[in-house]
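Given chain F, put chain D with the ligand in place with the hints provided.
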Amino acid sequence: MTQYELDDAGVVVIIGSGAGGGTLAHELTRRGVDVVLLEAGKHLTAEDFVNDEWGGYEMLSWLDKRTASGDWRVARDHPATPSWSCQVVGGTTTHWSGCCYRLIADEMRARTVYGDIPGASLIDWPITLDELEPYYDLAEAKMGVTRTNGLPGLPANNNFKVMYAGASALGLHASTGRQAINPIPYDGRPATIQDGFTVTGDKVGSRWSTLNVEIPRALATGKLELRPQSRAVLIEHDQAGKASGVVYVDAAGTRHRQKARAVVLAGNCVESSRLLLHSASGLFPQGLANGHGNVGRYYLRHIIQTVWSVFDKPVNMHRGEIMTGVVNDFVRHDPARGFAGGYYVELNSMGLPTTAAFLDPGWWGRDFAGVIERYAHIAGMLLSGEDMPQAGNCITLTDELDAFGVPVANIHYDEHPNDLKMRSHGYKSMVAIHQAAGAKRSIEAPAYPASHNLGSNRMSARAEDGVLDGHGRAHEVPNLFIADGSAFATGGACNPTLTIVALAIRQADFMAGQMAAGAL
Amino acid sequence: MEGIKAHKDPKLPPPIEVAEGPEWVEALTLLDRDVAHTLLAAARTLYPHDGLPERVYRRVVLHFDRMAAHSPAAAQSFAEFVDRVDAAMPLPFRELSESYRVAVLKGMETSAAFRLVQRSTVRFLYDDVEVWQAFGYEGASVHLGGYATRGFNDLDWLPDPPAGI
Ligand SMILES: Cc1cc2nc3c(=O)[nH]c(=O)nc-3n(C[C@H](O)[C@H](O)[C@H](O)COP(=O)(O)OP(=O)(O)OC[C@H]3O[C@@H](n4cnc5c(N)ncnc54)[C@H](O)[C@@H]3O)c2cc1C
Chain F
1 MTQYELDDAG VVVIIGSGAG GGTLAHELTR RGVDVVLLEA GKHLTAEDFV
51 NDEWGGYEML SWLDKRTASG DWRVARDHPA TPSWSCQVVG GTTTHWSGCC
101 YRLIADEMRA RTVYGDIPGA SLIDWPITLD ELEPYYDLAE AKMGVTRTNG
151 LPGLPANNNF KVMYAGASAL GLHASTGRQA INPIPYDGRP ATIQDGFTVT
201 GDKVGSRWST LNVEIPRALA TGKLELRPQS RAVLIEHDQA GKASGVVYVD
251 AAGTRHRQKA RAVVLAGNCV ESSRLLLHSA SGLFPQGLAN GHGNVGRYYL
301 RHIIQTVWSV FDKPVNMHRG EIMTGVVNDF VRHDPARGFA GGYYVELNSM
351 GLPTTAAFLD PGWWGRDFAG VIERYAHIAG MLLSGEDMPQ AGNCITLTDE
401 LDAFGVPVAN IHYDEHPNDL KMRSHGYKSM VAIHQAAGAK RSIEAPAYPA
451 SHNLGSNRMS ARAEDGVLDG HGRAHEVPNL FIADGSAFAT GGACNPTLTI
501 VALAIRQADF MAGQMAAGAL
Chain D
1 MEGIKAHKDP KLPPPIEVAE GPEWVEALTL LDRDVAHTLL AAARTLYPHD
51 GLPERVYRRV VLHFDRMAAH SPAAAQSFAE FVDRVDAAMP LPFRELSESY
101 RVAVLKGMET SAAFRLVQRS TVRFLYDDVE VWQAFGYEGA SVHLGGYATR
151 GFNDLDWLPD PPAGI
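Protein chains in written order, with UniProt numbering: chain F, 1 to 520; chain D, 1 to 165.
By construction, these hints were calculated from the structure, which means they are not laboratory data.
Heads up, a few of these hints could be off.
Only pairs whose alpha carbons sit at most 35 Å apart, straight line, appear in this in silico DSBU-like list of lysine-lysine [as the list claims (entries may be wrong)]:
# : chain 1 : residue 1 : chain 2 : residue 2
1 : D       : LYS8      : F       : LYS65
2 : F       : LYS440    : F       : LYS313
3 : D       : LYS11     : F       : LYS65
Being a predicted model, the structure only gives us computed values, none of them experimental.
For reference, chain F alone in the conformation it holds in the complex (with noise of 0.2 Å):
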């Protein structure tokens, strides 16, 4: 592997390897950029994946701890991991099930769509799915999702089959839906084998990640040093305001500094508007590039919530690809459904631990054993919708420091009217679904920890709307950008990794661009 000195002032340096900092790595790196990529977790392999829940959350996820407050449940049922993602290198795509989908344009301009609403700090994106449409191509074409690129559909497991027969019968339309997951060899990977195991990292490889597509092509191209167990700790920035390098600790627990020609934070939200705020200094009192107190703010999780219902029947959901299956019917905003914004009604299924976990955390006694022993029986779906961004909806940095002290992120959240409408909304067209198909018991279970994190380093037409422009650059740092979902300007409702890979493509392109014109 190609090594950079740590006083090599040309380098790019990312922090994160996953969905946004694996794509920039690569898709600088091909384009001829010099990268160094610190990553926290450890390099594993195929090999050191198990199919095993437990095994993989442990192995897997980001543990560290975080606090909570707010009035979300989430702040009750998981006070000190409100948060989801991993801490690996390739990052959540290690864990995630591939749904892609991409933002619709109503979307992108949700503050003139959806009207001023009151509570609510909507912006329309500073740029326009038509600028972003090209980027979407590319990131399909390398994700290798279903139904684009000549690509078909995953076929139709148990869970769907249930799926698709609540919903014809209420004359809603479900499909199999598109996942960055091959039903087909294609790039050099091979086809699912349905195992039902990618959210402990795939051992098959059939599903597309950084790990197993990004990572090693940048590394091919001899313009990538990847250093894992490296953990950002600091950015500093030089007189003139400008980043200049990053602070990192290794895995022996020494601390670096390597310097850099331009800084990439891809955290994933909560973790690159932590490290913001911590990198405070007498230029930027309250937080690098947050001169308008927008760091941390904003903070978006969408309206994530599942149904599980118990059939008379077996099911058997945990047989194959997890999220094959989605009904379209209220992805567009409708004014006459009484709430701002849309959903997607997607299939879901989960083992049994994790089920016994997360359908309802504090339930406990002969009803819930009742439903749990029937396991079998059982299907499930979930809902990711629009939720609305506060200004008091943010991550802010606590007393408490961590291992390496840096100071504990809190998040708050509170639920805006409009969330709770369209959770209550959702919630019945879920159960109707599955009553359709002839349910015995509907749980409406509430949301996991937070694992679509976006939202709090916004993009904005305006400087003091948000932290970054159009291209991911803060608005007060020119060589400072951001390539994670923290990024988004309001979150739309679809499940975000499709359009955190376009933004990165397109980001790619802009700072490649800018570098050959001497302006980076």
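Leaving out everything else, chain D with the ligand in the frame of chain F:
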């Protein structure tokens, strides 16, 4: 459950050994035997599956024992939990009938000690391969070729969706 076979990933350690007789408590490393018996009664009251054998609940308590050996804070919480449930009624918790045990637990649902015992019971009970077998969760599959030819689409009590939907 008949017709299925539950598998743990072959890379993972085998389940904790537990004796069938009263000598099972000899496997405890840290927890006091009385404490262990009380926790056993609590686990069974929290998640009562009449069809499951005693040994799966014993394995849960042996996991608690490992947690306690690993973390003094956890050991402290287990001790507190047992003190509270035993002090709640004129009889020790494990001698109470089920409805009284339920009432005692309901009375302390918001405490940190209850939360630890309840969450940890879920964590270990439903991760037990014998429980998987009983409730029909087949578990690890890659080493068996996945479910592509082992029933991922064998549900036959609803019409099949159109091909390619
Ligand atoms: C259970 C689950 C299922 C999901 N399924 C889907 C799905 O079907 N579709 C979808 O679109 N999305 C899904 N997601 C969400 C998806 O995983 C994320 O949107 C995506 O991975 C986010 O990309 P990222 O680059 O922001 O962060 P990540 O992929 O999380 O990568 C961040 C990386 O940064 C590293 N890092 C953080 N801080 C530091 C630091 N200080 N120093 C060094 N390294 C650091 C982390 O260790 C991590 O490796 C799912 C998430 C979960 C939890």
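Going down the list of hints, with the structure as the test:
Straight-line distance between C-alpha atoms of LYS8 of chain D and LYS65 of chain F comes to about 29 Å, which keeps the hinted pair within the 35 Å bound. With a C-alpha separation of about 10 Å, the suggested pairing of LYS440 of chain F with LYS313 of chain F holds against the 35 Å cut-off. For the hint linking LYS11 of chain D to LYS65 of chain F, the alpha-carbon distance of about 28 Å falls within 35 Å, and the restraint holds.
The structure shown violates none of the earlier numbered hints.
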